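Please dock the two separately framed chains into a single complex, following the hints provided.
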Amino acid sequence: MIEKSIIIPFLIGLIYLSIIFIYRFTKWIRGLSKLDKLRLMQSLKSRRFMLSLKEIFMEGLLHHKIFLKNPILGYMHMSLAFGWFLLILIGHIEVMCAKNSIFVPFHLAIFFRYFETTKNFAFSGVFSFLMDFLLLFVLSGVCMAMLKRFKKQMFGMKRTTRLKTGDRIALISLWLIFPLRLAAESMSANLHGNGSFLTSTFGNFIGNSGSETANFIFWMLYSFSLGFFFIALPNSRYMHIFTEMLFIFVRNAGIKLKKHNNTFTDIQVYSCSRCGLCLDNCQLATAGINNTQSVYILKNIRNKNLTDEQLFNCLLCGKCEVDCPVGINTIDLRITQRIESTLQYNSSYSYLEDIPAQKADVVYFAGCMTHLTPGIISSMKKIFQMSGENVWFMDEEKAPCCGRPLMQAGQYEAASKLIFNNTKKLLGSNAKKLIVSCPICYKVFKEDYELGKMEIVFHAEYILQLIKDNVIKVNNSNERIIYHDPCELGRTMNMYDEPRSVLQETGKLIPVKNEKQTAWCCGGSLGNLKISQEERTILRNQAVEDYLQYKPDILATACPMCKKTFARHREIKVLDISEIITNSISKPTEEKITKQKTKNKIHENEFV
Amino acid sequence: MIKNKHVAIIGGGIAGMEAAAVLAKQGLKVTLIEKEAITGGKLNDWHHLFPDFFSPKTVIDNLIAKTNHSGVNVVYNTEISKIEKLNGRFELSDERDTKFYSDAVIIASGFRLFDATLKEEYGYGIFDNVITSVDFEKLMKTEGKLLTAQKTEPKRIAIIHCVGSRDAKTGNTYCSKVCCITGIKQAIEINKILPDSEIYCFYMDLRLYGLNFDSLYLHAQKQHKIQFIRGRLSEIAERFDKSLQLKTEDTLQGRPLRINVDTVILLIGMEPGASNNLFTKNNKVTIDENGFMKPINMHENRNSSTHDGIFLAGTVICPMAVNESIENARAAAFEVISYLEKNKL
Chain A
0 MIEKSIIIPF
10 LIGLIYLSII
20 FIYRFTKWIR
30 GLSKLDKLRL
40 MQSLKSRRFM
50 LSLKEIFMEG
60 LLHHKIFLKN
70 PILGYMHMSL
80 AFGWFLLILI
90 GHIEVMCAKN
100 SIFVPFHLAI
110 FFRYFETTKN
120 FAFSGVFSFL
130 MDFLLLFVLS
140 GVCMAMLKRF
150 KKQMFGMKRT
160 TRLKTGDRIA
170 LISLWLIFPL
180 RLAAESMSAN
190 LHGNGSFLTS
200 TFGNFIGNSG
210 SETANFIFWM
220 LYSFSLGFFF
230 IALPNSRYMH
240 IFTEMLFIFV
250 RNAGIKLKKH
260 NNTFTDIQVY
270 SCSRCGLCLD
280 NCQLATAGIN
290 NTQSVYILKN
300 IRNKNLTDEQ
310 LFNCLLCGKC
320 EVDCPVGINT
330 IDLRITQRIE
340 STLQYNSSYS
350 YLEDIPAQKA
360 DVVYFAGCMT
370 HLTPGIISSM
380 KKIFQMSGEN
390 VWFMDEEKAP
400 CCGRPLMQAG
410 QYEAASKLIF
420 NNTKKLLGSN
430 AKKLIVSCPI
440 CYKVFKEDYE
450 LGKMEIVFHA
460 EYILQLIKDN
470 VIKVNNSNER
480 IIYHDPCELG
490 RTMNMYDEPR
500 SVLQETGKLI
510 PVKNEKQTAW
520 CCGGSLGNLK
530 ISQEERTILR
540 NQAVEDYLQY
550 KPDILATACP
560 MCKKTFARHR
570 EIKVLDISEI
580 ITNSISKPTE
590 EKITKQKTKN
600 KIHENEFV
Chain B
0 MIKNKHVAII
10 GGGIAGMEAA
20 AVLAKQGLKV
30 TLIEKEAITG
40 GKLNDWHHLF
50 PDFFSPKTVI
60 DNLIAKTNHS
70 GVNVVYNTEI
80 SKIEKLNGRF
90 ELSDERDTKF
100 YSDAVIIASG
110 FRLFDATLKE
120 EYGYGIFDNV
130 ITSVDFEKLM
140 KTEGKLLTAQ
150 KTEPKRIAII
160 HCVGSRDAKT
170 GNTYCSKVCC
180 ITGIKQAIEI
190 NKILPDSEIY
200 CFYMDLRLYG
210 LNFDSLYLHA
220 QKQHKIQFIR
230 GRLSEIAERF
240 DKSLQLKTED
250 TLQGRPLRIN
260 VDTVILLIGM
270 EPGASNNLFT
280 KNNKVTIDEN
290 GFMKPINMHE
300 NRNSSTHDGI
310 FLAGTVICPM
320 AVNESIENAR
330 AAAFEVISYL
340 EKNKL
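Chain order of the listed sequences is A and B.
If you use numbering that gives the first Met the number 0, the first sequence closes out at 607, no skipped numbers anywhere.
If you use numbering that gives the first Met the number 0, the second sequence closes out at 344, no skipped numbers anywhere.
Chain B extracted, bound-state conformation (with noise of 0.2 Å):
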């Protein structure tokens, strides 16, 4: 019988959550791990999910609903750091020594957000009036309306896109996928409240990968004037009121530009998770050249990573979505399931 089978899930994330439940829910006994005093992960800070304004809130309390309905053991403020495998089953351990023991592992450690101060270029950390998209989402979700440091309306917005994603200097190659997206909702949200504000979305090309995303850059242009400029930032600036120049090109015009404006939005790429080569040391799992954890393939077997009995699930495996990392961690209870199955004896 595989149901006094144990499974244990690294990070309660959504992804994380959804695994346990599933897994919880099948009659498996799992312990959810998590590094922090809540569930949900970096959603918490969220304010509103692309593309139809949908609150993050209520997919973190249904997540919690049915992790806790069906029985799952979250342990919080416990950050694994070592995965050791001991007489066919699985010893995780975190730095002050407290073990668990499992027979598979899903690891849903998620991503780590881009340091938008290592683009020292934009100033983010020296300025006041620079911030990211995630700070954003915090402010909206926190004060529910965006001023300057000044504690003033801004009257010009810039959303700068692609900050630490598809930038080889930064050692980032790949495309962090939903920020695209993401500046777009952002912008619109700032119309609303900012309904006389400029705002303009500095882009390199835009990425709308899903569904009704095209619509609602369409939307954001022809509803909310947000006006939308081909090209790379090169620099900002402090001005003497705190306002900020900035310097880029538009690629379309082919000329150079400079612009001022009273807020900067950084948004900023997802990159692998800090614990991702923690876990590569005792050779259990490995990463791909991005820093990702590698699957067995990314096709048919996405869940899997290169040890047996350990699997993946959400953005430990490369930049997605909400829904999309709840349907890959769905995917990965599958597999944890049909993993057992087979080593039942």
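With the rest of the complex left out, here is chain A (with noise of 0.2 Å):
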């Protein structure tokens, strides 16, 4: 009966964790609101089911993602995810086979080589030498692990996530199962040699020291370690190895986070790896503020101990949504979390209603940001003129703000009320376009706005369909141009390639490094509430000493706000795309030869 015990402290590490899980899992998709379930119900029956199981085992299992980024931290989370995966269930099979059962205790596979000290049943060979080599591969992700604690450089991290306790108790532990589990099948297989390649080599170094008592110890300290780790995983980081599959199934039904923090706040908090991808990335690192990330903010989350100095330290630029292997809506969840912290500010804004909406087909709405850079709207008036279509410039002498920068600064209601007030006017338009020519506002029109048919155009949109349709006619100077992707644009609303294919038509354009989805930030962001204007130049001159690498002529964006921050740096010339496509077309090409030919030479000693 002693030998049977060794189950134990694995056992009660299972029940404890299995309670936990029914537990959480329950109380999250209770927690969710009528429709999400619905959403998740409908999506269990439709193909989007076999998709999520796809995405848990290409993510949760295979590590697709951390691959692409980075093939050794790939390798090491595959190691142990997958080669884990793989031990339990080739174990399974071997106890079957061995068994002649397809019903066979299912701890049976954990503690096979203890109980089972023979090699006489079909293909024992096969499996044991399986099963080796399956520990190796584990075994190869369990140092490697160790290594990056320590070595962090030698995978390519700059940083990586600081631990607390529970997390120590829960890595200790998992580094501890695998040698052990080692330790304890080469005893056995000195003892009764039933080991293949790894645990037989070991086995013999142990020579004439093994004994029964030490096999039943080695295999007690591993079934300990096992234990610990089922125990300490739910107060841990690894509890995301669960609840990602949950998150998958949840994402997968189109369930979003509205505003309002739901159980899915916990799904996503709770599926965070803490791998500390986003850490790397993240530019405000450049200008030492350490403490703010996204890894940081769901694990403050999840321990109640948020401040308001942390949450509020973010650009809000979305590159950690780009870099987090989970998936996970760091920016929607970030938001949703000032909403909830944030005092309601209560204006009633009645200043407002005063202004009656006039008639027209196309509405212009420049918003605060395009006001402070009044070359952008005398550029998008030219263009106007050009198009001879009926436009309202609404915001021209009183200008509401389209509400985004209070919806960033968790301020709901307040942004609810001028979004109200705008809709009404937008409406009473009758217009069938919006044409905004700053970003910010562009993504909150489409996001939050109910517009019905009224369709929201990006100037640059507009712009190329004008030049398309021959009402605009352009000139190519040849001048060298880089364009900034905004990150209220890009990275968030997608748009990459309409401002691009206006600019080429002006211009050359020069792709650089960092763009599109890993463009810069310009450090000028709405959404940082807390951020110095030093730490602000040091972001901003990060990216423009990039972009001077590349000899532009111009620096292209789409955003007013980026404008305003980059022009301020002084040694770069900082101009908006409508205003590019303005300038040429007032003035015929001069084509300097003397200055082609230097830019010649530049084009060919691209680095790019």
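Just so you know, these hints were derived from the structure itself, not from any lab.
Source: prediction; values computed, not measured.
By construction, the Cβ of each residue, glycine as well, lies at the ideal position given by its N, Cα and C atoms.
Check each hint, because a few of them may be wrong.
[Claimed, not checked] SDA-like, lysine to any residue: derived pairs with alpha carbons at most 20 Å apart: (1) K397(A) - D249(B); (2) K529(A) - A167(B); (3) K168(B) - Q541(A); (4) K241(B) - E395(A); (5) K380(A) - K241(B); (6) K191(B) - K241(B); (7) K246(B) - F392(A); (8) K168(B) - R569(A).
[To be verified] Calculated Cβ distances over 10 Å to all of chain A for the following chain B residues: (9) N3; (10) H5; (11) D44; (12) S54; (13) A64; (14) L112; (15) V133; (16) I235; (17) E248; (18) K293; (19) T305; (20) E326.
Structural data, given as structure tokens:
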């Protein structure tokens, strides 16, 4: 009987873990709104179910996304997750073969070499080889994990997450599981000869010092390490292993966070593995801000010790969302958190009521930021003149805000009042199109306004259409142009091509390393309420210095905020797309031969 | 003897000229190197000086006469970009590799004007009726009158203080010191030529450091009916008739304000000279956190740069008025003399 006692620590851990899981999963699913629950049920019946399963396999086990970003790190995660998974799966098949039955006790596979001392069932040699191979595979991952903790640079990571006590216990027990399994299996191999290339070799090393007692002790330790890990797991970051599966189902069902926390927040928070991939590309670190990154926000939400200082010190640039291998909606999550933690500012906005809507085919909404860059407004006016359309410049005299900056600051109610007011006016105009020249406005109009059939058009799209329709004829000046992707247009709204197509008509667009999804944030972001001006300057300079390497004539932007921020650097000429277009119409191209020659030289040495 | 020692002075503005004249009068060999075709620097564009409406032309003419009489060698159209120290002497060179040698150097290369297009929300370079304080002086000097872009007399004029000064967003957190009183002076001048116009000054606070500055401020309010509104300008929009709508705040009344004017004058501040960075490149001198040249200390050694033998004069150190610049240059000249005497052998 005493022999069987080795399974007790493992069993206790497993039972505890199962109870916690059943409790949490039930709570989370019950906490979703009725509609979201319906969405989840529907998705389980459709093709999305298979997609989710595939995603779980690709991301949960193989860690495909991490692989693409960093193959070494990908291998480490894969060997641990997929290797362990295969150990359990093949182990069970081995037990089934040995017992000639499909129904075998589930724990038997875990302690198989301890209980099954003979090697006389079908394919036993193949199995023991496979199991040894898989153990080696997992052990290679464990070794890498240990190395990574102490020498992260070897894995191409600049930073790694800081650990809490719960995590540390889980981490150490996880690190011990497989070396102990190797030791225990080697002991058994030494005593019973039931090992393969790995365990037998190690068993031979032990030689005569092996005994039944030592064998028992090692198996017991192995069982304890498993038990400890299972007990520590719910309170550690390893909770992500199982939560991520639920998260994939919920996300694929189309469930989104809607400005208020619900259990979807919890599901996302617990899905974070704290891998730290979001740390490497966070620009704030350049300015010495190292505790406000998404991984820490998620951790602090989970531990209920999030401070406003951390929550509001974020550019909302969305780089971490791109980098997150789990696909957590870090921006939505943070804005929702801001809404929840902010006292709602009470304003009636009654002064906004007094402008009647004007009937028009097209409405132009410049927004607060474009009002600070009158160069863009005058260019837009010229463009509208050429288009010949009936345009109502909605905020020419009195300028209501679109609501996005308030939304970013967590002032949901105040933003809603502005949205309501603007919506009334917009619908009153009977216009078919709303044109905006600011990505900050564009995002909120697209995501938070309900404007029926009114089409929301970004000025780059509008200009591109005018060029295609031959309404605007532009000259190509051959100037070297770098296009800076604004965060609110690129990463978060996925508009990369239209601005580039427009710029290709007027000059030579130079591709740069940090563009599109990996584009810099200019540092001017309205989303950060805590950053200092000096810190913003550091971020801006980092971006401008990178761009200057390509020797551009013009740094083109599609965002008035980026334009203002970059222009203050003084050593780079910054223009909005609309300004570049109007410039290329009004003046005939003068090609200076000498200048052209030097430019060609630069082209030849292009290091892109 | 220090009589045969050479001193090179970079910049032929008022500070450079004053220092050159003083040194040459003491018998030293002085080369004054000016990047433009004439000496006098930015003061050449100026119409009147505060607070007494004195003529800048008189100041420049006197300085030219002084430099000529004392035998200063003036070199024009030469912009020094590099200072090297070779065998105990200084070698100064420009982009064309013209070289000058000297035993001591005074950097009097002055300041740069804030580029008002950086405050795009004020529309300089975009709206025809937005001009800078420097444009105003040039206009007064060349035409003697202020007209709108439509060639009409402006009825309402707004003068905006602190454009590019005390403004963290533009990167300039310091005060340019001379703009407040310049704004008051210009407001009075406008009132003199356009007595029926309404003139508004938008300010944060008025830093009237000079002896008669406060009385000029009172005078502007009482005699010239200039209206001072405390509040920083937010943005300017151009209306269909080319007049300008200002969005600002009256912080004394505590309310937002919208006002239409015909002309806006931006009081642009002083920025560190463009050449300051060049001189720091081979570690000859250092600049302070604002980009101005850094003296050993600001109390009793303001004319000595952090490099032995290189001295500073005028607005290369910090924003200064005309009289301070000249006095500061005179002090620099005496620092040079005592340096050369100390290093006679």
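Tested hints:
1. Of the pairs offered as hints, the one joining K397(A) and D249(B) holds, with about 18 Å between alpha carbons and a cut-off of 20 Å not exceeded.
2. Straight-line distance between C-alpha atoms of K529(A) and A167(B) comes to about 15 Å, which keeps the hinted pair within the 20 Å bound.
3. Simply put, K168(B) and Q541(A) have alpha-carbon atoms about 17 Å apart, close enough for the 20 Å limit, and the pair holds.
4. Under the criterion of a C-alpha separation no larger than 20 Å, the hint pairing K241(B) with E395(A) is consistent with the structure, at around 14 Å.
5. Using a Cα cut-off of 20 Å, the hinted pair K380(A) and K241(B) holds, with the two alpha carbons roughly 14 Å apart.
6. Note on K191(B) and K241(B): the hinted pairing is violated, with a Cα-Cα distance of about 24 Å set against a maximum of 20 Å.
7. The suggested pairing of K246(B) with F392(A) holds, with an alpha-carbon distance near 18 Å, which does not exceed 20 Å.
8. For the proposed pair K168(B) and R569(A), the alpha carbon gap of about 13 Å is at most 20 Å, so the pair holds.
9. Taking the minimum C-beta to C-beta distance to chain A, about 43 Å, the non-interface status of N3(B) holds against the 10 Å cut.
10. The Cβ of H5(B) sits about 35 Å from the closest Cβ of chain A, beyond the 10 Å cut-off, so the non-interface label holds.
11. Annotated as non-interface, D44(B) keeps its C-beta farther than 10 Å from every C-beta of chain A; the closest such distance is 22 Å.
12. With a cut of 10 Å on Cβ distances, S54(B) stays outside the contact zone with chain A, its closest approach being about 34 Å.
13. A64(B), annotated as away from the interface, keeps every beta carbon of chain A farther than 10 Å; the closest lies near 38 Å.
14. Interface exclusion of L112(B) from chain A stands, the closest Cβ pair being 13 Å apart, more than 10 Å.
15. Non-interface status of V133(B) relative to chain A is upheld: no Cβ of that chain comes within 10 Å, the nearest being about 18 Å off.
16. A beta-carbon of chain A comes within 10 Å of the beta-carbon of I235(B); the shortest separation is about 7 Å.
17. The claim that E248(B) is not at the interface with chain A holds, since no C-beta of that chain comes within 10 Å of its own (minimum 15 Å).
18. Once the 10 Å rule is applied to beta carbons, K293(B) is consistent with being away from chain A; the minimum gap is 19 Å.
19. Every beta carbon of chain A lies more than 10 Å from that of T305(B), the smallest distance being close to 24 Å; the non-interface claim holds.
20. At roughly 31 Å from the closest C-beta of chain A, the C-beta of E326(B) stays outside 10 Å, upholding its exclusion from the interface.
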